[in-house]
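Numbering of the sequence shown is given in the numbering used here, commencing with residue 1 and proceeding in unit increments.
A few of these clues could be false.
Just the calculated beta-carbon pair ranges, DEER-fashion [to be verified]:
1) N76 with Q45: 34 to 42 angstroms
2) N76 with E4: 19 to 27 angstroms
3) E72 with A23: 33 to 41 angstroms
4) T41 with P71: 29 to 37 angstroms
5) S29 with S88: 26 to 34 angstroms
6) S78 with A54: 28 to 36 angstroms
Just so you know, the hints here were simulated from the structure itself, not pulled from any lab data.
Every residue gets a Cβ at the ideal spot worked out from N, C-alpha and C, and that includes glycine.
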Amino acid sequence: MLSENPLAYYRFNDGLAVAAPDAAVNLGSLGAAGNGAYNATVIHQAPGALAGGANAAVTFANGGFVVPWTPELNNNGSFTVEMWLQPSTIPAAAGLICPASSMHVADPRQG
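I would like the entire structure built from these sequences, with the hints used as guidance.
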């Protein structure tokens, strides 16, 4: 994945929680400008995608992580978002809700 030179790349296997703000480190070409912060309780070192695999994951407990708005991540051109998710439940009434969003609530608004 990194050979494709993504702007943002988050492994979510960053080990034990650190003092606030608990950071999600961007390994992509945007570097530290793309670092995010977890905005709720997360469980670090949760089991990863492959049973018995060495790669850990993060479990979000009614929260997520936020990356500060930057024009490099919010351009007008086309882009691709790729992610692996394992929802613990899928509400029957709502279905699977998109886990990714991008918004900037100041003027001019984008999202």
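- Query: For the pair S78 and A54, does the Cβ-Cβ distance stay inside 28 to 36 angstroms?
  - Reply: holds, 35 angstroms
- Do S29 and S88 keep their Cβ atoms within the hinted range of 26 to 34 angstroms? Once the Cβ atoms are compared, 32 angstroms apart, the range 26 to 34 angstroms for S88 and S29 holds.
- Kindly confirm whether 19 to 27 angstroms is satisfied by the beta carbon distance between N76 and E4. holds, 21 angstroms
- Between T41 and P71, is the Cβ distance one that fits in 29 to 37 angstroms? holds, 31 angstroms
- Message: Please check whether E72 and A23 have a Cβ separation lying inside 33 to 41 angstroms.
- Response: Because 18 angstroms falls outside the window, the suggested range is violated.
- Quick one: are N76 and Q45 within 34 to 42 angstroms, going by C-beta? holds, 38 angstroms
Of the hints listed earlier, the one the structure fails to meet is number 3.
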